[in-house]
Amino acid sequence: MAQLFIFGACRNILGSDTLELDLDELQIKSVAELNRYLEREYSELSTLNSLAIAVNEEYAPGDHVLKNTDVIALIPPVSGG
Amino acid sequence: MIDIQITEEPLDAAKCLSAISSHEAGGNAVFIGTVRNQPKGKEVLHLDFEAYEPMAIKEMHKIAARCMKRWELIGLAIHHRTGRLQLGEVPVVIAVASAHRKNAFEACEFAIDELKKSVPIWKREFFENGDLWVAAHP
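So the sequence lines, in the order shown, correspond to chains V and F. Counting in the numbering used here, the first sequence tops out at residue 325, every number present. Counting in the numbering used here, the second sequence tops out at residue 554, every number present.
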């Protein structure tokens, strides 16, 4: 199972701060596919200004290949500083 | 010298500067971010800052390393606070030590600009009747 950490506005939308997904069973192979899955399951995510995905604590592009052992984070628009 | 910290304790600009101070430095620049009220709109009661801490530390290190190289700095410290802050309190301090002042000013501005773009930290404003994740929605 891949572990997802959910931050900021994403947490309000998903109603939880973590989520476990079986990427193999869901046939999610890339960051772009995960994005599509999440936007299908949680349509409100599309109201965000942006949604980045981090894999193992690094920003990951859409073609980044995912594994079930990855630690993934949903990164809504950041507003630190 | 790079010093990166995320803490729930109040920040101390002098401490941030002393973390990187050096007798080789001809100039130090310090940026102190403060929590402000929205100029127009609802009154902010307080704010919460939340970080994806391990990744935020990594991203701040990347920014610091870029600055160190590009401006040939002696030191750069970034201290960011998390948790609940009141208006006027300090969520971030950046201190830069350089042989020459121009590099210190430029690197300090670059560091705060990049921090606001890429470091996974989020600000939530609380009002009398609700709250808002800053910049999340159009």
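Simulated from the structure, these hints should not be mistaken for laboratory data. Note that the Cβ used here is the ideal one computed from N, Cα and C, for glycine as well. Among the clues, some could well be false.
Which stretches of chain V does chain F cover? Using the computed rule of at least three CB atoms under 8 Å from a CB of chain F, they are [claimed, not checked]:
hint, region
1, 248 to 262
2, 290 to 298
3, 319 to 325
Going through the hints against the structure:
Against chain F, the region 248 to 262 of chain V contributes 5 residues with a C-beta closer than 8 Å to a partner C-beta. That satisfies the three-residue criterion, and the hint holds. Given as covered by chain F, the region 290 to 298 of chain V passes the check, having 4 residues with a CB less than 8 Å from a CB of that chain where 3 are the minimum. For the region 319 to 325 of chain V, the stated coverage by chain F is satisfied: 7 residues place a CB nearer than 8 Å to a CB of that chain, which reaches the threshold of 3.
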